[in-house]
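Student: Protein chains in written order, with this note's numbering: chain W, 3 to 438; chain X, 3 to 438; chain A, 3 to 438; chain E, 3 to 438.
Among the hints, a few may not be true.
If you only want the chain E side, here are some residues facing chain A, beta carbon under 10 Å, derived [said to hold, decoys possible]:
{"id": "1", "residue": "Trp241"}
{"id": "2", "residue": "Asp244"}
{"id": "3", "residue": "Leu249"}
{"id": "4", "residue": "Phe292"}
{"id": "5", "residue": "Leu294"}
{"id": "6", "residue": "Lys384"}
Please keep in mind that the hints were generated in silico from the structure rather than gathered at the bench.
All C-beta atoms, glycine included, are put in the ideal place defined by N, C-alpha and C.
Take a look at the letters that make up each chain.
Number of protein chains: 4
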Amino acid sequence: MTKKYKIAVIGGGSSYTPELIDGFIKKAPELPVSDIYLEDIEQGKEKLEIVGALAERMVKKAGLDINIHLTLNQEEAISGADFVVSQFRVGGLDARIRDEKIPLKYGVIGQETTGPGGFAKALRTIPVIMNICKDIQRLAPSAWLINFTNPSGIITETVLNHTKVKAVGLCNVPVNMINYVAQVFEVEMERVYIEFAGLNHLVWGQKIYLDGEDVTEKLLDILITGKNFTMKNIPDLIWDKDLIKSLGMLPCPYHRYYYMSDKMLEEEIKEASSEGTRGEVVKNIEKELFKLYKNPSLDIKPPELEKRGGALYSYAACNLIDSIANNKKDIQTVNVRNNGTILDLPEDVAIETNCIIGKNGASPLTVGHVPAKIRGLMQAVKAYEQLTVEAGVKGDYYTALQALTIHPLVPSADVAKKILDDILRQNKEFLPQFQG
Amino acid sequence: MTKKYKIAVIGGGSSYTPELIDGFIKKAPELPVSDIYLEDIEQGKEKLEIVGALAERMVKKAGLDINIHLTLNQEEAISGADFVVSQFRVGGLDARIRDEKIPLKYGVIGQETTGPGGFAKALRTIPVIMNICKDIQRLAPSAWLINFTNPSGIITETVLNHTKVKAVGLCNVPVNMINYVAQVFEVEMERVYIEFAGLNHLVWGQKIYLDGEDVTEKLLDILITGKNFTMKNIPDLIWDKDLIKSLGMLPCPYHRYYYMSDKMLEEEIKEASSEGTRGEVVKNIEKELFKLYKNPSLDIKPPELEKRGGALYSYAACNLIDSIANNKKDIQTVNVRNNGTILDLPEDVAIETNCIIGKNGASPLTVGHVPAKIRGLMQAVKAYEQLTVEAGVKGDYYTALQALTIHPLVPSADVAKKILDDILRQNKEFLPQFQG
Amino acid sequence: MTKKYKIAVIGGGSSYTPELIDGFIKKAPELPVSDIYLEDIEQGKEKLEIVGALAERMVKKAGLDINIHLTLNQEEAISGADFVVSQFRVGGLDARIRDEKIPLKYGVIGQETTGPGGFAKALRTIPVIMNICKDIQRLAPSAWLINFTNPSGIITETVLNHTKVKAVGLCNVPVNMINYVAQVFEVEMERVYIEFAGLNHLVWGQKIYLDGEDVTEKLLDILITGKNFTMKNIPDLIWDKDLIKSLGMLPCPYHRYYYMSDKMLEEEIKEASSEGTRGEVVKNIEKELFKLYKNPSLDIKPPELEKRGGALYSYAACNLIDSIANNKKDIQTVNVRNNGTILDLPEDVAIETNCIIGKNGASPLTVGHVPAKIRGLMQAVKAYEQLTVEAGVKGDYYTALQALTIHPLVPSADVAKKILDDILRQNKEFLPQFQG
Amino acid sequence: MTKKYKIAVIGGGSSYTPELIDGFIKKAPELPVSDIYLEDIEQGKEKLEIVGALAERMVKKAGLDINIHLTLNQEEAISGADFVVSQFRVGGLDARIRDEKIPLKYGVIGQETTGPGGFAKALRTIPVIMNICKDIQRLAPSAWLINFTNPSGIITETVLNHTKVKAVGLCNVPVNMINYVAQVFEVEMERVYIEFAGLNHLVWGQKIYLDGEDVTEKLLDILITGKNFTMKNIPDLIWDKDLIKSLGMLPCPYHRYYYMSDKMLEEEIKEASSEGTRGEVVKNIEKELFKLYKNPSLDIKPPELEKRGGALYSYAACNLIDSIANNKKDIQTVNVRNNGTILDLPEDVAIETNCIIGKNGASPLTVGHVPAKIRGLMQAVKAYEQLTVEAGVKGDYYTALQALTIHPLVPSADVAKKILDDILRQNKEFLPQFQG
Ligand SMILES: NC(=O)c1ccc[n+]([C@@H]2O[C@H](COP(=O)([O-])OP(=O)(O)OC[C@H]3O[C@@H](n4cnc5c(N)ncnc54)[C@H](O)[C@@H]3O)[C@@H](O)[C@H]2O)c1
Ligand SMILES: NC(=O)c1ccc[n+]([C@@H]2O[C@H](COP(=O)([O-])OP(=O)(O)OC[C@H]3O[C@@H](n4cnc5c(N)ncnc54)[C@H](O)[C@@H]3O)[C@@H](O)[C@H]2O)c1
Ligand SMILES: NC(=O)c1ccc[n+]([C@@H]2O[C@H](COP(=O)([O-])OP(=O)(O)OC[C@H]3O[C@@H](n4cnc5c(N)ncnc54)[C@H](O)[C@@H]3O)[C@@H](O)[C@H]2O)c1
Ligand SMILES: NC(=O)c1ccc[n+]([C@@H]2O[C@H](COP(=O)([O-])OP(=O)(O)OC[C@H]3O[C@@H](n4cnc5c(N)ncnc54)[C@H](O)[C@@H]3O)[C@@H](O)[C@H]2O)c1
């Protein structure tokens, strides 16, 4: 009899959950799941129940024998799990909206994961993920943590360096870049291969292959003349021709925050004062989604979910779990310990890169040195990330100040301090590590 | 009979020359010089003659047997020289003023060496220094090039990687930091030791020692409460307390451009529209200086020279030459090939660090890894510098664009391109490598 | 219409050729080959004709449309080839026998690839492979060189560092180690995965997996209590229990030359004075093989070929070619540029490690640091290999002397010199780079 | 009033002590010492008293105000010390003689510090030095440990990685190499500079300078034609011309064990069966020395001490202490943490290299990469050393076995095991870490 898996989903009340359930349904033939625990906290109870009921209808409609459990008990969810998927958001969308607005006050990019917004989210998330890992070590020591919670690279680095939990960090950006290339060339995603290198939300496609042929130049020509590429939650400003030509690589959508920070800031300010920050927009989308989810006759993933921005998330997550469970040894792009893969970064940091995925997790493919044109930014952001992990774990004010000060998007220590103090004040309840 | 040295000074008409002559006079007992060739170009002829005459009067007054030669012939100056001191400025102060003003147009720091201004200066200087090196290789192959021309780190890296000339890059910043500490503690400079690490104009004092005792904390306390520290050509904005506490090191004056770029920009804009940019101010100072220099009864270095900003330049330059000539094996802070000294930077780049100085040049002391808080910025600026060297040597537009794009002070590729195009247009006559 | 491939086999007269042909026949459904050029030199003409005729009978029997060409013209063979397989042996078995005997004279291991024997073989091979590469660059610039010629790691490193040819180095040792594990556990080879790290003929299986489960300890228990493991050309001395326990990894058969050099030397001396060195034995085996090959009714690979020692060679070679041609992205163990894969070795050396194989060749999986217990030997042998490459390319006596002197199996510079002088004398005709 | 120093000498009964006292006497003007504690164990009491009395006579004769204390109490000696000099020998000369004889039994070099002999000495010494360090941390936390106890590199590495004590490892080999060069050129030692790189007793002079001029070639010519160089305890076999030519560097005397191990082994076997091993010879020398020391009219260091082999030991030790105490910032060659100094070795190992010596200890000068010809051996021996440290600290049999197995002088795991078992048996009383 083949093994059947127990999956724990931390933050089970997320509106992304139907996407995930949909993924498990599609993978069912090769990835047999017996139990899915959707876990959430008191504040998420209502969402959890709505989403949980939809999940049950979906599974039933698919004729599958998967038990959906709804719980507020983290230990129960984790105990004996084979995979723990983390997709929670500490403080919910209200916290996100604050993350977006605080930096904007000081003339700095306000974004969920990039810049001071992601920094605040990291500080809130670190104590929670550390607590989850404690439970995993105790109650499911051989489980794999599939971290989806943003900022995914920083959270993964925290887990890799400060716990003993086996973890892989996930992001839907690389898979969306592959998807973009596939759409450009009108082929299946499987025929596209990208030599990725970088960090989470700062990953470059150094070379693009179609059926093994290098099509980088061709693709970049299309990027700058034809089909633009972005993701739902990022304003789709057009890439500058000469920037792309001189770069000679495929940037990720989040690179706009660095390569065109002036315009992105303008755009954010404009949006904030019209339809609201992205968080505010998502809040409305979510309301609509949950209305849909409540409909007892809905028993599939509703197409409206697309609007949210987590495109291909379940594709990525389920492929990852599938390849670990089934020791598939295929190549996926995930966040892992560097270990010398990129020679220009410290060995003990998380990077986002191509890995072989199997029962023993993710084994990166050697990258070597990266060219100077992407190296500096990658190193600067990584230094910020390391200080953020340290600040988040230790709750040290000065380390936090240095983290923000050296962030490429923050113009000065003075502004860093103002933003930091604002973040600490507005997030007090979520930052136990900074109290006392 | 002891060897007497021939010194060639490229850019001999510089107003700093009397400073240098003064240095050689003071060092005369241990560093016997027979000939000093002050070399300049046609446009500098007048200055050269004024300065040269003063130099002769100074030497005479000192009762020394040094022949001062004035020449516009580079080959003559270099031929058989033991030391070639480069202190020229391609395009003169007018070019500098343009370097300061172009970035300001686009809301970016406009500074002689840091940011796009230094980038433009590098592009202009690289073809000239390459040409000088060709002559050194041919006419004085065992000469040491003492490079003082800014941006000194970038120019030194160019020479180290693209020529066979033996070179050491010099800057008066480290020696001024030592001097500042000495003044704070009211001791001789010899009793102060700073563990430097970084790049030219981006060097941190990681630890400060007085007579071998670690006084870092004490010094930083004074820096933030008492005596501020800067140099003539940098607005002396006060350091933020928490920045310095969290940094735990002594920043160099130029760090203000990164740690307080917003205020520095404000300051620059204010100055530009009142007394003029630093270049414009210097232009006036220079005029006054040359008036003084002309005075046939002046036969010493006039104290007014201090205003120019090259404080301790001749102290640094003559100490360096002395230690090489006399194989002194003392410690000085200069620009050399990294060679693994700072493990977080490529091996083949120039760094500014403590070195043993002897007949074989500068041997750096091992630094190892630097902490994340200074690592990211150092790496980002170094990547920019490497691309600048490459762009300057090859005359490649795209490399130049990447260099400026990734510079931490440039907000976007778009702005980078505007600045670059403006630089290329306004410096056309000095950028043969970009023509054709 | 799918592309059909042209294969050039340098050293086509090798007795291994039927093995290779057999491999192409088996792969025919997925790897369509139109032409195989078997190329050899004048001295190998007779062998070539015998082997060529057999190859033609094999292809015919298989009902395949592959043209077998026999030629002594290297340019003809290489021109337009998609894959160039190098399996030649400069100087033939007589040279090998000398390689085995010279070191023995001085009390040193005498082996075809390990120690001074391999060193001599490398010196003879380097000028020939450089010449082949010149032809590839000129006549088939997009061809892949599949190097099988020993010492495969050294030859591959030569090609990677001294030519522009795209090359992958092949050895049948890793695949035989996988096969051994598969046999021990009585499973298909596909279910076994070994984390390899090291150099050619000095590769360790750091961890052994069966269906993704770590079975290293179990396997090593069996290795020391039950089923021994070696290859045809290496005396199968039993591994010491404590050695294996303390090593905690699977050594390769060639490790015996280092871990039990005293006994291996004894064994070699004994064999040399009874049945002859391995080369002498092979010479007889070969004679018998060629008698068989001549039989016009033989139209398959004869089972007697097994005795020669190239077990699984064609399996490895054809899998490699298949995965490149078909962009398979599966994992194979080959010799590639290190590029930081093993952090304890220089970046520009050849290592033997697990790689993803696709149209763009071999991409290694990150290894990181290796433990001290295997690091020292790996580094010592690599230093020897680098000096051998340099000596072989430049024909420099002193570099050659250092190479041999630092080889772990050579007891002293004195012995190194005697062996070197003997090698140079006895191989004069094959070492043009050392003449003059 | 200037600070006066307390010096603790662990192993105070050593026959080298008069050398050390002599050094302190000579340094007295600049290095004021108030108290010297000569500490020893019960078995060394008699030697301690003889040597102690001589020390007192020497100090008195010099007219100095230094108190000599004799004690068997380690805590008393260490408490409040400024410098702790370790020159003890666990097990005394009898243990050394066993270290020399055990390997010889198995046909392996038997030497006090190199090979299995040094390995045994390390295992005995590690528990004792760890205990001393515990006392230093508790009773003299700001003291400097000047480690002279052999194998000095391994013991220093142990202290650096397993304690918090500030330590510098000392060896008289580099200073003797400088002295040799000085003698060759008939100049003062101060005019000679050697670019050292390597490990303790495995250090190469990469370049030799006289007054800053590179005289490497000249020196090597003399080494191979004229004046040979060795030290008292190493047979002075003549260097092979071609070895030295191809090496292009100055080897240290101990390199003979690697570069001419066959002849050295022969020599050792010959000596062992005639005048006895070096340990046996020393035992006699020592007897004679102590007879001399007893003479109440002897009040200077007797010239006969030279025979022992510790030439220039006190010169090295007192210079080191002087430069630390007086923050001299001169260059000395000592054993320190690598920290990237030699890029080809791990960061956390001890290396022997040129350092700036000051109040904060030893700061190494950057070496970068070393050439392949010395790299392999250096790395192989370092791997052995690291395993020895680990085995010595943990008392792990398997790690010890791997350490010996990979030692370049040990021919096989089999021989390694025999030697290891013999060592463990014969040293049982000194190896508490291996009991239980
Ligand atoms: N890596 C990627 O590619 C990617 C893409 C999209 C979203 N995300 C991340 O996924 C996460 C979820 O996003 P979302 O928009 O669904 O968030 P959300 O606000 O809906 O939060 C999901 C759930 O987490 C719950 N939660 C909060 N704190 C919790 C805790 N301590 N324990 C358990 N549950 C807790 C909330 O109650 C909520 O129901 C976010 O961190 C987001 O950044 C990642
Ligand atoms: N590294 C430091 O610490 C430091 C400090 C101060 C100044 N500097 C640098 O020193 C240099 C000189 O500064 P300055 O203010 O005296 O400049 P300046 O404008 O007075 O120039 C000096 C001389 O160089 C001459 N010159 C221009 N091109 C030349 C060429 N191709 N060959 C020979 N001479 C040429 C000019 O005619 C002029 O007389 C500048 O590059 C400046 O940045 C460095
Ligand atoms: N990497 C591995 O796993 C592995 C295993 C077995 C054999 N090998 C290697 O494969 C090679 C072939 O072995 P073999 O025993 O068949 O050798 P062999 O002696 O039969 O030589 C093969 C052929 O090469 C020819 N040859 C010699 N010089 C040549 C040249 N300059 N150009 C073209 N052909 C030339 C010979 O005439 C001969 O016919 C050897 O180098 C051997 O070490 C490698
Ligand atoms: N690094 C170098 O350049 C160099 C050169 C020469 C000698 N040495 C080393 O110096 C050390 C001393 O050499 P030696 O020939 O004088 O040795 P030794 O045998 O005379 O020993 C010195 C003293 O140490 C004492 N001792 C032993 N165990 C002790 C302990 N636990 N605590 C305190 N004292 C203890 C002995 O009783 C003895 O009196 C040796 O380790 C030797 O290898 C090093």
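Student: Would you mind marking each hint as holding or not holding in the structure?
Tutor: Each hint, compared with the structure:
| no. | hint | in the structure |
| --- | --- | --- |
| 1 | Trp241 | 9 Å, holds |
| 2 | Asp244 | 6 Å, holds |
| 3 | Leu249 | 7 Å, holds |
| 4 | Phe292 | 38 Å, violated |
| 5 | Leu294 | 39 Å, violated |
| 6 | Lys384 | 7 Å, holds |
Violated hints for the displayed structure, listed by number in ascending order: 4, 5.
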